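Protein chains in written order, with the numbering used here: chain A, 1 to 110; chain B, 111 to 334.
Derived by calculation from the structure, the hints in this document are not laboratory data.
Remember, predicted model here, so these are calculated numbers, not experimental data.
Misleading hints may appear alongside valid ones.
Straight-line C-alpha distance at most 30 angstroms; calculated DSBU-like pairs for lysine-lysine [said to hold, decoys possible]:
{"id": "1", "chain 1": "B", "residue 1": "202", "chain 2": "B", "residue 2": "294"}
{"id": "2", "chain 1": "A", "residue 1": "21", "chain 2": "A", "residue 2": "86"}
{"id": "3", "chain 1": "A", "residue 1": "105", "chain 2": "B", "residue 2": "134"}
{"id": "4", "chain 1": "A", "residue 1": "106", "chain 2": "A", "residue 2": "25"}
{"id": "5", "chain 1": "B", "residue 1": "134", "chain 2": "B", "residue 2": "202"}
{"id": "6", "chain 1": "A", "residue 1": "106", "chain 2": "A", "residue 2": "30"}
{"id": "7", "chain 1": "A", "residue 1": "106", "chain 2": "A", "residue 2": "89"}
{"id": "8", "chain 1": "B", "residue 1": "202", "chain 2": "A", "residue 2": "89"}
{"id": "9", "chain 1": "B", "residue 1": "134", "chain 2": "A", "residue 2": "106"}
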Amino acid sequence: MTIQILVTLFSVLVIGKALSKFQKKEVHGKTILVWSLFWIAVIFLIWQPNLTDYLAAFLQVTRGADAVFYLSIVVIFYLLFRMVAKLEKIDGEITTLVREIALLKKNNDT
Amino acid sequence: MNIWVFIAAYNEEQTIGAVINDVKTVTSTIVVVDDCSRDHTGEIARAHGAVVLRHIINRGKGAAIRTGTEYALAHGGDVIVHFDADGQHHAKDIPALIAPIERGEADVVLGSRFLQDSITNISNTRKVLLKLGTFFTWWMSGIRLTDAHNGMRAFSRVATERIVLTEDRFAYASELIDEIRRLKLRYVEVPVTITYTDYSRQKGQRSVNAIAIGLKMIWKKLLT
Numbered sequence: 001m002t003i004q005i006l007v008t009l010f011s012v013l014v015i016g017k018a019l020s021k022f023q024k025k026e027v028h029g030k031t032i033l034v035w036s037l038f039w040i041a042v043i044f045l046i047w048q049p050n051l052t053d054y055l056a057a058f059l060q061v062t063r064g065a066d067a068v069f070y071l072s073i074v075v076i077f078y079l080l081f082r083m084v085a086k087l088e089k090i091d092g093e094i095t096t097l098v099r100e101i102a103l104l105k106k107n108n109d110t
Numbered sequence: 111m112n113i114w115v116f117i118a119a120y121n122e123e124q125t126i127g128a129v130i131n132d133v134k135t136v137t138s139t140i141v142v143v144d145d146c147s148r149d150h151t152g153e154i155a156r157a158h159g160a161v162v163l164r165h166i167i168n169r170g171k172g173a174a175i176r177t178g179t180e181y182a183l184a185h186g187g188d189v190i191v192h193f194d195a196d197g198q199h200h201a202k203d204i205p206a207l208i209a210p211i212e213r214g215e216a217d218v219v220l221g222s223r224f225l226q227d228s229i230t231n232i233s234n235t236r237k238v239l240l241k242l243g244t245f246f247t248w249w250m251s252g253i254r255l256t257d258a259h260n261g262m263r264a265f266s267r268v269a270t271e272r273i274v275l276t277e278d279r280f281a282y283a284s285e286l287i288d289e290i291r292r293l294k295l296r297y298v299e300v301p302v303t304i305t306y307t308d309y310s311r312q313k314g315q316r317s318v319n320a321i322a323i324g325l326k327m328i329w330k331k332l333l334t
């Protein structure tokens with residue numbers, strides 16, 4: 001019971017924080033929608049853990065909790081990969097900007 | 111031929127003046143890319159007569175090399191020489207380095223400290239690491255060199271225009287070898303003298319970084 005209350009409180013907190021960011025126009029509506037749906041699903045599953053058994057049966061895993069665990073790992077690694085790729089892209093763009101500024105400044109000096 | 115010597119520098123105020131003076135004995139076209147040094151590297155380089163380009167954020171040696179290369183190409187460089195800022199290279203080696211390009215025999219000339227064992231004050235750990243790096247480069251790119259990570263190199267204008275570097279940090283050195291293979295450039299190694307000092311050892315790449323670069327190159331290879 002304690003873990004269910006703690007996870008619910010945490011999820012509500014995360015959704016609240018996301019909505020506040022949306023109000024300040026710091027994130028897109030689509031991101032908020034996906035993020036909120038994810039945490040609503042977390043609340044739902046923490047109170048109805050038997051629902052994960054359907055997922056377990058579909059994935060041919062013994063327990064529902066194991067199915068959620070395996071899926072989480074896959075999703076986390078995918079998100080991590082996307083994040084690294086995005087960071088590398090931003091890193092490259094910063095370098096291009098820094099280079100352009102260096103060359104422009106030099107050309108303006110001469 | 112219009113020879114441009116290009117020096118990437120980060121916090122090298124102790125050595126940059128002497129390095130530029132040394133290079134001036136060979137050519138007067140010297141470009142220093144000050145990679146956002148926190149000391150007076152840029153001012154000293156300018157005072158010694160080099161063209162100085164400054165990165166407003168530190169981006170690494172690979173990024174600095176690309177900045178210098180773009181500038182040299184835009185201003186008519188025929189041969190572009192990479193030279194380290196920490197004083198371990200010697201300008202007297204530049205004529206031999208660029209000679210194969212001037213004779214039209216090579217597109218890229220790579221300096222090697224192991225061809226004639228022209229190296230002083232190197233630690234055994236460093237020597238083993240450099241040999242491992244050479245073996246790793248051979249394994250990854252298929253190009254067998256005696257010294258894969260020597261910062262002293264020369265490129266013809268055509269080679270410089272074709273080579274595409276994307277790595278901002280030290281991994282650019284391995285990427286460069288990959289590019290030589292990809293573009294089927296004619297390359298040759300020539301002996302150059304490397305003098306390690308306490309200063310250059312302190313400034314040089316750390317062993318742990320070399321491992322990180324190796325892992326990054328494997329990762330990149332797996333993705334492409």
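*Can you name, in rising order, the numbers of the hints this structure does not satisfy?*
When the structure is compared with the hints, numbers 4, 6 and 8 turn out to be violated.
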